[in-house]
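Can you build the whole structure from these sequences, using the hints too?
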Amino acid sequence: MTNRPTLDQVLEIIRFTVTPENTSAFLEGRAEVERFTGSLAGHVSTELLHLGGENWLMLIRWEDEAAVKAAQQQTATSPVITEWINQTAQFVSFEEGTVRYVG
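For what it's worth, the numbering used here labels the leading residue of the sequence shown as 4, then goes sequentially.
Source of the hints: derived by calculation from the structure; they are not laboratory data. Incorrect hints may have been included.
[What the hints assert, rightly or not] Using C-beta positions, here's what the derived DEER-type ranges look like: (1) P8 / E37: 27 to 37 Å; (2) S81 / R18: 12 to 22 Å; (3) A28 / E68: 12 to 22 Å; (4) S42 / Q90: 17 to 27 Å; (5) A69 / E24: 32 to 42 Å; (6) R18 / T101: 35 to 45 Å; (7) G56 / L10: 14 to 24 Å; (8) T85 / L10: 10 to 20 Å; (9) V105 / E24: 12 to 22 Å.
[Unchecked claim] Dumping the calculated SDA-like pairs for lysine to any residue here, alpha-carbon to alpha-carbon at most 20 Å: (10) K72 / S27; (11) K72 / L10; (12) K72 / E31; (13) K72 / S96; (14) K72 / I84; (15) K72 / G55; (16) K72 / T49; (17) K72 / H46; (18) K72 / S48; (19) K72 / E99; (20) K72 / T40; (21) K72 / V102; (22) K72 / A28; (23) K72 / S42; (24) K72 / A44; (25) K72 / T91; (26) K72 / P23; (27) K72 / P8; (28) K72 / V21; (29) K72 / T9; (30) K72 / F97; (31) K72 / R103; (32) K72 / L30; (33) K72 / G56; (34) K72 / E57; (35) K72 / V47; (36) K72 / N25.
Don't be surprised by glycine CBs; every beta carbon is placed ideally from N, CA and C.
And the structure:
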């Protein structure tokens with residue numbers, strides 16, 4: 004039996020560009036960021052995808068809308084996150100969506 008996401012979980016979809024010379028620092032810094040976000044109530048998982056070239060996509064899954072809103076208040080001013088992005092990447096976009104279908 005597989006563990007499938009439940010409906011009404013919320014995904015944060017974050018796009019970054021990372022130059023080749025910053026890729027190692029970006030990936031290394033992600034571990035520290037993950038310790039922080041992983042400790043927040045309602046965090047389910049995080050995936051970091053390299054889309055090719057300088058393009059990266061991060062998917063952060065939360066249990067529900069309340070969890071993502073509470074986490075966003077904490078992460079908006081978190082030095083560990085802002086330093087990681089400011090030193091290694093360029094923020095491109097942020098979206099969130101609610102899981103409505105799991106196949």
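Hint check:
1. P8 / E37: 27 to 37 Å: 18 Å, violated
2. S81 / R18: 12 to 22 Å: 19 Å, holds
3. A28 / E68: 12 to 22 Å: Given about 33 Å between the Cβ atoms, the range is violated.
4. S42 / Q90: 17 to 27 Å: Roughly 22 Å apart at Cβ, these two residues keep to the hinted range, so it holds.
5. A69 / E24: 32 to 42 Å: This hint holds: roughly 40 Å between Cβ atoms.
6. R18 / T101: 35 to 45 Å: 19 Å, violated
7. G56 / L10: 14 to 24 Å: 34 Å, violated
8. T85 / L10: 10 to 20 Å: 32 Å, violated
9. V105 / E24: 12 to 22 Å: Given range 12 to 22 Å: violated, Cβ gap about 38 Å.
10. K72 / S27: 30 Å, violated
11. K72 / L10: 17 Å, holds
12. K72 / E31: 26 Å, violated
13. K72 / S96: Judged against 20 Å, a Cα distance of about 17 Å means the pair holds.
14. K72 / I84: 16 Å, holds
15. K72 / G55: This hinted pair is violated, its Cα atoms lying about 30 Å apart.
16. K72 / T49: Between K72 and T49 the Cα gap is close to 16 Å, so the pair holds against 20 Å.
17. K72 / H46: 11 Å, holds
18. K72 / S48: It holds: about 16 Å lies between the C-alpha atoms, which stays within 20 Å.
19. K72 / E99: 11 Å, holds
20. K72 / T40: Holds - the C-alpha atoms of T40 and K72 are around 13 Å apart, at most 20 Å.
21. K72 / V102: Since the Cα atoms of K72 and V102 sit roughly 16 Å apart, the hinted pair holds (cutoff 20 Å).
22. K72 / A28: Violated. K72 to A28 sits at ~28 Å, over the 20 Å cutoff.
23. K72 / S42: Roughly 15 Å between the alpha carbons, so the hint for K72 and S42 holds.
24. K72 / A44: Roughly 11 Å between the alpha carbons, so the hint for K72 and A44 holds.
25. K72 / T91: 25 Å, violated
26. K72 / P23: Outside the cut-off at roughly 33 Å; violated.
27. K72 / P8: 19 Å, holds
28. K72 / V21: 27 Å, violated
29. K72 / T9: 18 Å, holds
30. K72 / F97: Given that 20 Å is the threshold and the Cα spacing comes to 14 Å, the pair holds.
31. K72 / R103: 18 Å, holds
32. K72 / L30: 25 Å, violated
33. K72 / G56: 32 Å, violated
34. K72 / E57: At roughly 29 Å apart (the allowed maximum being 20 Å), E57 and K72 break the hint.
35. K72 / V47: Distance of about 14 Å is within 20 Å: holds.
36. K72 / N25: Measuring from Cα to Cα gives roughly 30 Å; hence the hint is violated.
Hints 1, 3, 6, 7, 8, 9, 10, 12, 15, 22, 25, 26, 28, 32, 33, 34, 36 from the earlier list are contradicted by this structure; the remaining hints agree with it.
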